[in-house]
Amino acid sequence: MQELTNNALMLKVKSGDLDKLGLLYERHKKRLFGFFYNMNSDASLSEDLVQNVFVRILKYKHTFTGDGSFTAWMFRTARNVNYDYYRKNKIAFNKSEISTVEYKLEDSDTVEKGMQRKDDISVLNHAMKILPPEKREILVLSKFKEMKFSEIGEILGCTEGTAKVKAHRALKDLRSIFLKLETR
Amino acid sequence: MQQEKYEIWMMEYLSGELDENEKSKFEKYLQEHPELQKEFDAMNSTWKQIDRVEVPVPSEKMDISFFNMLNEEVEKKKPITSNRIERLKSFFGSFLKPQLAFGMLLLTLGLGLGYMLKSNPSTPAVKETRVTDTNTETEEVRGQLVLTLLEQNSANKRLQGVNEAAKLNDASERIIEALFTTLNNDPNINVRLVALESLSKYVETPEVRMGLVKSIAFQDSPLVQIALADLMVALQEKTSVESMKQLLEKPDINNTVKRKLEESINHII
Numbered sequence: 043m044q045e046l047t048n049n050a051l052m053l054k055v056k057s058g059d060l061d062k063l064g065l066l067y068e069r070h071k072k073r074l075f076g077f078f079y080n081m082n083s084d085a086s087l088s089e090d091l092v093q094n095v096f097v098r099i100l101k102y103k104h105t106f107t108g109d110g111s112f113t114a115w116m117f118r119t120a121r122n123v124n125y126d127y128y129r130k131n132k133i134a135f136n137k138s139e140i141s142t143v144e145y146k147l148e149d150s151d152t153v154e155k156g157m158q159r160k161d162d163i164s165v166l167n168h169a170m171k172i173l174p175p176e177k178r179e180i181l182v183l184s185k186f187k188e189m190k191f192s193e194i195g196e197i198l199g200c201t202e203g204t205a206k207v208k209a210h211r212a213l214k215d216l217r218s219i220f221l222k223l224e225t226r
Numbered sequence: 266m267q268q269e270k271y272e273i274w275m276m277e278y279l280s281g282e283l284d285e286n287e288k289s290k291f292e293k294y295l296q297e298h299p300e301l302q303k304e305f306d307a308m309n310s311t312w313k314q315i316d317r318v319e320v321p322v323p324s325e326k327m328d329i330s331f332f333n334m335l336n337e338e339v340e341k342k343k344p345i346t347s348n349r350i351e352r353l354k355s356f357f358g359s360f361l362k363p364q365l366a367f368g369m370l371l372l373t374l375g376l377g378l379g380y381m382l383k384s385n386p387s388t389p390a391v392k393e394t395r396v397t398d399t400n401t402e403t404e405e406v407r408g409q410l411v412l413t414l415l416e417q418n419s420a421n422k423r424l425q426g427v428n429e430a431a432k433l434n435d436a437s438e439r440i441i442e443a444l445f446t447t448l449n450n451d452p453n454i455n456v457r458l459v460a461l462e463s464l465s466k467y468v469e470t471p472e473v474r475m476g477l478v479k480s481i482a483f484q485d486s487p488l489v490q491i492a493l494a495d496l497m498v499a500l501q502e503k504t505s506v507e508s509m510k511q512l513l514e515k516p517d518i519n520n521t522v523k524r525k526l527e528e529s530i531n532h533i534i
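If you're matching them up, the sequences are chains W and S in order.
Going by the working numbering, the first residue of the first sequence is number 43, and it counts up by one from there.
Going by the working numbering, the first residue of the second sequence is number 266, and it counts up by one from there.
These are calculated hints, taken from the structure and not from any lab test.
Fair warning: there could be bad hints in the mix.
To be verified - Listed next, the in silico DSSO-like pairs over lysine-lysine satisfying Cα-Cα at most 27 Å (straight line):
hint	chain 1	residue 1	chain 2	residue 2
1	W	LYS222	S	LYS303
2	W	LYS185	S	LYS313
3	W	LYS177	S	LYS270
4	S	LYS326	S	LYS313
Said to hold, decoys possible - Not close to chain S: a few residues of chain W, all C-beta gaps over 12 Å, as computed:
hint	residue
5	THR47
6	GLY64
7	THR105
8	PHE106
9	THR107
10	ASP109
11	ARG121
12	ASN122
13	VAL123
14	TYR127
15	TYR128
16	LYS130
17	GLY199
Since the structure is predicted, the reported quantities are computational estimates derived from the model, not experimental observations.
Where a beta carbon is used, it is the ideal one built from N, C-alpha and C, also for glycine.
Construct the entire structure; sequences and hints are all you get.
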C-alpha cells in the first residue's frame, strides 16, 4: 500500500511537484542512512551520501517510470551513489576490507587489544565489516523490514531466487567469520 | 533436496516470508534431517544478531541540508521569468554600466540644449503631420489587408477581412465595392451578414444606400433579407420599397421574410 503511494509521490515529483520529495525523504531517510552506515560505518559520510541519493533522484527523475517499486529504484540509486563514492575516492569497493579474512584477523588484534570482553555483538559488528561489501549489502537489504526479496532482486538486477541464494551464502560467510573471530 | 532450493527455503523461513503452514513444514523437514538442524540453528542465531548491530540516528544536519537543497531546486524551477530578468539585469550591470551612465549624460545634455534652443514653433505642427501620416499609413495598410482578405478562399479569412473593414475610419471606393461584391456574391451567409454590418457604417453616402437597396433583390438567404429590411426601416429609405416589392414577387420566398418585408414596407410608407 505504501509502495503505491511512494510511486504516486515520485510520479508527482517527476511531473514537477518537487515539494513531494520532502515526504519521500521523511519516509526513507532512516533506511537509507542505515544502509550507508552499515556499508561504511561513518555517520557523517552516510548523511552526505543520503543527500546525494536525493540529489540524484531529482536529477534523474525523468527516468522513473513507475513500473517497478520506488524503493527498489531508490536503493539502486543508493548503490550507485555508494559505488561512485568509492570509485571517486579511489577506494577499491570490492577490496575495501582487505581481501583475505586471515589478514584482517591479524589486524583485528590491534583493534581489539583494548577491549576487555569480546561480546557477541561487537564481534558480529566486526565480522560484518570484514564481510565483502556485496555480501554485506545483501544482508543489510534483506534485514530491512518490509523489504521483500523480489525487491532486492530488482535492486541487484537478479531474480528473486538468486537474491535468496546470495543472501543465504552471505549469511553463511558471516557466520564463519564470526566463528573465527570468536575462537581467537 | 537440491542445495539451492534448500537455501532459498531457509531464507524464506528466516525472513518471515512463509506462512504458518509452510513454516511448520520447514520445521518438520529439519526434524527429519538433524544434520541440517544444527547448521540452521547457527545460521538463525547469526541472522538474529545482525538486528542488534547498532546504527546511530542521523543528525538534524542531514534534514537541514536536504531541505535546503530541495528549496533551492524548487526556487530554481519556479520563477524562470524573474530569473531571466535577474540575469538580464546582471548582464547590463556588468557590461553596460559605464555606457549607461554616458548615455544618461548625453541625454541630459541634449535635453538641456533643446530647452535652451526651443524657439522653433513649427515643432508641434511637424509632430501632428507625422501622427496623421502614420494614421493614414495604417489606414492604407488596413485597406490593403481588407482587399486581400476578402479574396481568400477561407470563409474565416473573409470574415476577418470584413471585420477589419469595419475598423476603417473612412473606406475608399475600392473597399466599398469589395464589400458590396461580398454582400451580393459571397457563398457564406455569415460573411454576407458581417459585410452588411460593415456597410451600414457608411449609409450616409448615397452610393452605399443605393447599393444596399439594389442588393435586396439579389439576396436569397432569409437572414440577410431580414437584416436588410431592418436596415431599410431604420434608414427610412423610400427607394427600397420598390426593391422589396420585387423580392416579394419571387415565388420561392420564405413566409417569415414575406411577412417581414410587408411589415417593413408599411413602416417605411
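Consistency of the hints with the structure:
no.: 1; hint: W:LYS222 with S:LYS303; in the structure: holds (18 Å)
no.: 2; hint: W:LYS185 with S:LYS313; in the structure: holds (9 Å)
no.: 3; hint: W:LYS177 with S:LYS270; in the structure: holds (19 Å)
no.: 4; hint: S:LYS326 with S:LYS313; in the structure: violated (32 Å)
no.: 5; hint: THR47; in the structure: holds (19 Å)
no.: 6; hint: GLY64; in the structure: violated (6 Å)
no.: 7; hint: THR105; in the structure: holds (17 Å)
no.: 8; hint: PHE106; in the structure: holds (16 Å)
no.: 9; hint: THR107; in the structure: holds (21 Å)
no.: 10; hint: ASP109; in the structure: holds (23 Å)
no.: 11; hint: ARG121; in the structure: holds (18 Å)
no.: 12; hint: ASN122; in the structure: holds (18 Å)
no.: 13; hint: VAL123; in the structure: holds (14 Å)
no.: 14; hint: TYR127; in the structure: holds (16 Å)
no.: 15; hint: TYR128; in the structure: holds (20 Å)
no.: 16; hint: LYS130; in the structure: holds (19 Å)
no.: 17; hint: GLY199; in the structure: holds (18 Å)
When held up to the earlier numbered hints, the structure conflicts with 4 and 6 and fits the remainder.
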